[in-house]
Amino acid sequence: MERGLAQTERRCPRPGTNDLIVWQLRLPRALLAALVGAGLGLVGTAMQALVRNPLADPYFLGVSNGASLGAVAAIVLGLGTGGVLGLGLSGAAFAGALATFALVWAVARRGGGFAPLRLVLAGVAIGQFLSGFTSYLVLQAGDEQQTHSVLFWLMGSLSGASWPLLAAPAVAVPAVLLLLQARARGLNALLMGDETAAGLGVDVVRLRRELFAVTSLLTGVLVAVSGAIAFVALMVPHVCRLVVGGDHRRLLPVSALFGALLLVVVDIVCRTAMDTQELPVGVVTSLIGAPALLYLLDRRLGSGS
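For the sequence shown, this note's numbering assigns the number 2 to the initial residue and increments by one for each residue that follows.
Because the hints were derived from the structure by calculation, they are not lab data.
The model shown is predicted, which means the values in this text are computed figures rather than measured ones.
Warning: the hint list may mix true and false statements.
Simulated restraints, written as ranges between beta carbons of each label pair [claimed, not checked]:
1) 201 with 152: 45 to 55 Å
2) 183 with 266: 27 to 37 Å
3) 202 with 140: 48 to 58 Å
4) 276 with 19: 28 to 38 Å
5) 296 with 251: 19 to 29 Å
6) 146 with 202: 50 to 60 Å
7) 23 with 277: 32 to 42 Å
8) 168 with 146: 22 to 32 Å
9) 276 with 175: 28 to 38 Å
10) 26 with 148: 17 to 27 Å
11) 168 with 21: 16 to 26 Å
12) 274 with 183: 32 to 42 Å
13) 111 with 196: 19 to 29 Å
14) 19 with 147: 25 to 35 Å
Using N, Cα and C, we set each Cβ at its ideal position, and we do this for glycine too.
From just these sequences and the hints, can you work out the full model?
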């Protein structure tokens, strides 16, 4: 009799259990995935226009590495839960992202002028240095469980999703989308070269400074809530350009939408692919993104563009 009642309880959960799972676990996680995916799509699209380089994204410019270093330092030093809504972690990630962007920008501007290739090379070099320092901090963490959590977070994870954690990206992502949309014509002009853009009335230096700061802010917020998720910011703009073209008035919202859908689907795969454990989101995006990028590159080379 007791055995039968236990089986019935398993088949028919107590009232409110499903609501708890949906409202406290599933829905915040889905919304966080959508916000992070949309934000990464926006950051990648903006950066590729700002430096006129299709390989630009927070990784190639070192911003993700800087944000990760700031966040890991906050965790190791016990500052990750400080502030309202965990803003100790978000603030540290933002500070790391902004400081990295400033350093990369200063190195790339040495000697005067602006060379997109020099900016990317400076970003890669500085990013690798910061990545090594982050690894050192992880090894210095005394708590084995803390080290495991940090490593899992560095590979990208949405497992910590909660309603309070949604606050920062829920404000930052729509705000950045509106700002970038207002600067869409300027981004279009940058693709034609700095001199042409200036001739069209665009204040090139001011636009770059403004949007670099904005993308740094958004990158810091995204890394703080989800860790470093690779390839989304790089791949999404390429896919969307094939669909809507290069006009940023259409490209920006489509990149945000596609990035959101992509990361929601990837997160579902991460949660359901294995029975015993959850895969880090960044691992799956890398497994999908690398072959997709190679395909897009092969297609572009094949068309002679």
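Handout entry: Ascending list of hint numbers which this structure does not respect
Key = 4, 7
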